[in-house]
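> Take a look at the letters that make up each chain.
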Amino acid sequence: MHGFEITRQDNQTISCLYVKGFLDAHTAPKFEEALQQLVDEQRFNIIVNFNDLTYISSAGLGVFMGLIENVRTNNGDIKLSNMTSKVFKVFDLLGFPNLYEIYDKEEQAVQKFTKAEQ
Amino acid sequence: MDSKKRPIKFFLSMIAAALVFTGVFVSKSSISVFSSTMSNVIGDGFIIAALVVQLLASKNSASLNSIPLNKRLYKFVVTNFFLIILLASGVAIIPAGTGLVESLSERVIIDNIVFVSIICYLAVLISTSIFLLLYGFILIKRTKRTKNYFWALYVGLLLFVLICSFLGKNILGEGNQLTKNPLHIAAFVVGIITIFLMVINSYRNSWVNYLNKNQKITCLFTAILIAVLIIMAERSNSANLLYYIKDYSLATGIFFDMTKDFLLIYLILSIFSLLLHLPTAGIFDKKVRQLSSLHQIGSVMTKMHNFEKLLDLITKQTLEVVEADSAWLMMKNKNSSSFKLAASSRVPANLMNMIKSNDYRELLNRISEKKSPLILNDLQRAKNVPVDRQSKKIGGSLTGVPLMSTSRGIAGIIFAYKEMEYGFDQEDSEMIQAYANQTMIAIENSILFDESLERERLQQELNVAREIQLKLLPKEIPYMADNIKIEAVSIPAYEVGGDYYDFIKLTDNQWGIYVGDVSGKSVSAALYMAELKGFVQSLARLYHSPKELMIKVNETLYPNIDRRSFISLMAAVIDLKENKIKFTRAGHTPLGYYEPEAEEWKMLRPEGLGLGLDKGKIFNRITDEWEIDFAPGSILFFYTDGVTEVFNSENEEFGDERLLSTLEHCQKNDVSSYKDVILDELKSFSQENKPDDITMVIIKHVKNKKGN
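Note that the protein sequences, when read in sequence, are chains A and B.
Note that the working numbering gives residue 69 to position 69 of the first sequence, counting from 1, and the numbers run on in steps of one.
Note that the working numbering gives residue 124 to position 6 of the second sequence, counting from 1, and the numbers run on in steps of one.
No wet-lab data here; the hints were simulated from the structure.
Keep in mind that a hint or two might mislead.
The list that follows gives simulated cross-link-like pairs (lysine-lysine, BS3-like), each with its CA atoms no further than 25 Å apart [stated by the list, open to error]:
| id | chain 1 | residue 1 | chain 2 | residue 2 |
| --- | --- | --- | --- | --- |
| 1 | B | LYS378 | A | LYS89 |
| 2 | A | LYS86 | B | LYS801 |
| 3 | B | LYS378 | B | LYS265 |
| 4 | B | LYS733 | A | LYS89 |
| 5 | B | LYS665 | A | LYS89 |
| 6 | B | LYS720 | A | LYS86 |
| 7 | B | LYS474 | B | LYS421 |
| 8 | A | LYS30 | B | LYS452 |
| 9 | B | LYS593 | B | LYS536 |
When you get a sec, could you build the whole thing from the sequences and use the hints?
Structure (structure tokens):
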């Protein structure tokens with residue numbers, strides 16, 4: 001059983017979630033709760049920063065799929081950033097870069113959001 | 119008893135009667151051989167024998183023990199009433215007055231003897247009946263010595279009767295003076311001991327405890343009645359008649375007399391006992407009721423598994439246990455410190471209002487913190503007491519007892535209310551505590567039961583899922599052609615795996631090969647796999663192009679799969695005539711390919727997206743289809759990510775590089791089974807770590823007949 005932590009930082013209209021550790025079937029509910037919380041608060045500009053994430057499984061990927069439709073319908077988005085190559089490989093294999101914007105740096109994602117609002 | 123014992127009873131009774139007759143006959147007829155004294159003694163001996171035989175006979179019958187305690191005295195009177203009347207009237211016929219002995223010596227005729235025998239036999243029957251009645255009472259709640267004392271009394275009495283017979287009179291009777299005759303002294307001593315034993319036996323009246331208040335009163339009056347009748351009979355004329363029985367048969371007379379005395383002593387002591395028990399009888403009954411309801415509740419509660427019904431039952435039973443007017447149960451909410459009304463019984467509106475008030479919540483906190491019961495015996499006068507909505511104080515008394523769980527601290531609180539002040543005493547509080555403990559056990563049982571049912575259900579679910587999943591995989595490797603060698607293996611990590619593979623013959627020369635991975639691990643994964651297999655099976659023969667097939671499968675799958683689930687799939691079509699392979703990678707691991715000309719392994723990775731992630735627009739746009747040669751010497755290696763994601767003890771992945779080098783190793787050394795080598799490698803790499811689902815399909819186009 002590997003641990004998972006999540007921290008949240010809000011900056012005006014954008015919220016950033018920092019994920020750390022293992023995101024698998026056991027810890028996915030915790031992640032889902034955090035995302036759901038943002039949706040409940042009507043905060044639809046979301047960035048997930050994968051800098052400290054060691055591992056992600058299909059359960060973790062499923063969490064995104066469960067919420068993205070709602071977020072996008074509300075003119076928001078979930079952008080991903082700071083992935084390690086190992087984690088990126090998992091997303092890449094499945095073709096996720098075609099569904100989500102994945103950036104090297106969080107700032108790029110922030111910029112994208114700000115540009116979109118103008 | 120009946121069919122076998124009745125003849126025995128009858129038979130023995132007849133013998134007893136015969137013995138009585140013989141005894142009387144011997145006593146009263148002049149047989150010149152014996153002296154008058156000896157005749158009497160021998161006659162009395164027969165009477166004693168008759169007494170013993172009759173006791174055996176009567177003891178055999180339906181025992182008095184089957185009659186409830188409170189009815190025994192009454193039953194005794196009713197059964198023996200007839201006999202007593204007979205005896206009294208019979209004795210009354212014998213002329214009262216003086217010189218009976220004279221009149222008898224004048225008429226020694228058989229019918230008198232018969233008559234006297236009947237009288238004596240009646241006396242024998244009644245005495246035996248009295249003894250058995252008292253036997254039944256005395257032996258309730260017996261100690262080791264009780265039986266001994268009783269039989270000692272009986273034997274003592276018979277002994278006394280025998281000695282008196284030798285003396286020709288009742289030593290303990292009126293007007294008998296003690297002399298220095300050793301027989302006198304012996305008789306006297308035995309007599310005193312016998313009376314002493316009567317008193318000892320008469321203390322055994324603890325059966326009084328088993329009657330309820332009303333039964334105690336009834337028994338009291340019945341006992342008084344019988345005692346009074348006995349005393350009255352002693353004083354009337356017929357007392358003289360009993361005296362006259364002694365003339366006919368000393369033994370019978372003395373025995374009957376002493377037995378009657380025994381009964382009287384016993385009744386008097388029982389009457390005292392009943393009188394002393396009467397004041398506390400009410401409370402005693404209440405205690406018994408409480409204990410019995412506690413016991414009943416205990417056995418019912420532990421069988422009740424439905425949680426809601428259990429809570430309901432608990433509140434109802436609280437009413438009974440402490441004889442309250444209202445009762446209700448507050449259960450603590452799972453993750454907070456607040457309570458919720460879970461069940462109530464006979465709670466009127468004003469109490470309901472009180473329960474919703476703020477002051478009441480304070481009470482709950484008080485009990486919750488102290489973890490001990492609270493009794494408010496005068497609600498009107500108490501401080502910090504809840505009020506109803508109209509701010510009117512409610513009168514009466516209230517008690518709240520916490521239910522403590524072994525693991526979770528306080529789980530709930532039971533409340534009981536009485537309209538009367540000072541309705542709850544220390545005993546009631548203890549009663550509720552005992553009840554509360556039982557309740558907690560029942561509640562925890564119920565929860566555990568639900569949990570174990572849930573676990574079982576889950577396990578069943580997993581078993582079903584596994585069944586489904588096993589049935590979905592191919593039962594055997596198909597034969598494609600002489601020069602095509604196929605290996606396939608699928609090892610699920612847990613009970614249900616998510617890996618899938620299949621072979622479908624599309625045309626004479628074309629075969630479809632599909633290897634996939636369903637996200638998730640449970641029944642739903644198995645069901646999605648079944649869906650996938652269905653779609654592929656039905657669509658593959660229509661769309662020979664893997665890309666078109668994937669597009670169609672995605673289109674069909676998307677609306678039929680949970681948003682959070684998806685499937686990765688590698689779909690390939692082998693053309694055995696053209697020696698070519700077309701393939702599409704829907705988000706799956708790359709296809710391993712050994713190219714015979716280049717003599718190297720490659721990982722082929724066309725662009726693609728997993729199935730079920732997109733409705734079709736993006737999927738259709740980006741999905742690629744590649745075509746390569748499948749010349750002799752070529753090898754295809756399909757796999758799922760369980761192979762590369764195996765971890766070792768240092769949390770390192772097996773990875774693509776190691777996979778490639780293992781494949782190269784197999785190629786160079788020309789192994790016969792790739793899958794075995796790879797599985798060994800994985801095993802030694804992972805050691806104890808549990809791998810994910812592992813699936814591999816290896817297809818070789820052999821060069822020559824040797825099988826390379």
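> Hints first: check each against the structure and report whether it holds.
Here is what the structure says about each hint:
no., hint, result
1, B:LYS378 - A:LYS89, "109 Å, violated"
2, A:LYS86 - B:LYS801, "23 Å, holds"
3, B:LYS378 - B:LYS265, "20 Å, holds"
4, B:LYS733 - A:LYS89, "23 Å, holds"
5, B:LYS665 - A:LYS89, "23 Å, holds"
6, B:LYS720 - A:LYS86, "20 Å, holds"
7, B:LYS474 - B:LYS421, "32 Å, violated"
8, A:LYS30 - B:LYS452, "19 Å, holds"
9, B:LYS593 - B:LYS536, "73 Å, violated"
In the structure shown, a violation is registered for the earlier hints numbered 1, 7 and 9, in ascending order.
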